[in-house]
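Q: Now for the letters of each chain:
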Amino acid sequence: MSFKATSRVVGDVTVIDMDGRITLGEGSALLRDLVLQNLSQGHKKIVLNLAGINYIDSSGLGELVSGYRLMKSEDGELKLLNLNKKVTDLLQITQLYTVFDIHSQEAQAIASFHS
Amino acid sequence: MPSKAQRIEVILETLIESIALAEELGVRVAAAAGFGEDDQYKIGLSVHEGVMNAYQYGNREQRDRKIHLIFELHDDKLVIHVVDQGAGFRLADVPDPRHDENVLEDSGRGVLLMKAFMDEVEVLSSAAGGAEVVMAKRHKR
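Protein chains in written order, with my numbering: chain L, 2 to 116; chain C, 403 to 543.
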C-alpha cells in the first residue's frame, strides 16, 4: 500500500495521520513536503500519527529525523504517535527511540506540548 | 553430504521501482526457503536496504548501470549478494548512526539495519570494482 497522509488540527496542534509505507520514492518525499508546508503556515506543533504505517525503511527514518531537525531549528516540535512493533523495533535499533517524544495516546501527545 | 546450493540471479535496472521489486523477491525467496514471517520481513527489508544503497550511492541513480541480485539457498542459510557498478565502499567507513554525534545525521542506518536483521553482512569489492554486499540469514533448526 502506498503512502497516504491527511492533516487535521486539534487546538493549536497539527496531527498528520499517515497510512502505508514510508520509503524512498513512496512516502519520504511526501512526508518532507507535509512538514515543510505546515512550517510555512506557521504550524510548529506537529504530531505524526503512524498508526497506519506498516513499513518504513532507512530513508523513511531519515525523513522523520529531517522533520524533527527542521522543526527544532524553527523552535517547533515534532512528536510521534501510535508506533507499531516493527516501527518501534527500527527506532530502537537505530537509537532514535531516545531522540523522539513518542506517545501511544493522542490526547497525551497533544497535552505534552503544553506541559 | 551437503547438496549444492540453489542459485537465483536477477539483473535489475537502476530504477527506484527496483527497490520494492527486489524486496518482494527477497520475501518470496525467504518464504520458499522455509523462513517464518518475521524472518521474511527482516530478509526483505535487508534486500530493500542493500538495493537502495546500490541504487543511490553505488550506481548514483544512473539507469544504464545494473544491480545484480543473487540468492543462494544453502542447507543451513540463505546468502544474498547485491552487486553494483559504482566505486565501492568499505563497511568500516560507514558511520555508526547510533553514536550521539551521528544520531541526527543521514548516513549509516541502512547498513545498521542489515547488520541487525541478518546474521552475516560484509562488503566486498566486485570484479568490476563496485560494491558487493554479501549477507546471510541462517536457519534456526
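Treat the hints as calculated values from the structure; they're not laboratory data.
Accuracy of the hints is not assured; some may be wrong.
Unchecked claim - According to the in silico footprint, chain C covers these stretches of chain L (three or more CB under 8 Å from chain C):
no.	stretch
1	20-34
2	59-69
3	87-95
Virtual Cβ for every residue (Gly too), placed ideally from N, Cα, C.
Q: Look at each hint and say if it fits the structure.
A: Each hint tested on the structure:
Three residues within the 8 Å Cβ limit are the bar, and the stretch 20-34 of chain L against chain C gives 4, so the coverage statement holds. Taking a C-beta to C-beta cut-off of 8 Å, the stretch 59-69 of chain L contributes 7 residues in contact with chain C, enough for the three needed, and the coverage statement holds. Coverage of the stretch 87-95 of chain L by chain C holds in this model, with 4 residues showing a Cβ closer than 8 Å to a Cβ of that chain against a need of three.
Hint compliance for this structure: no hint is broken.
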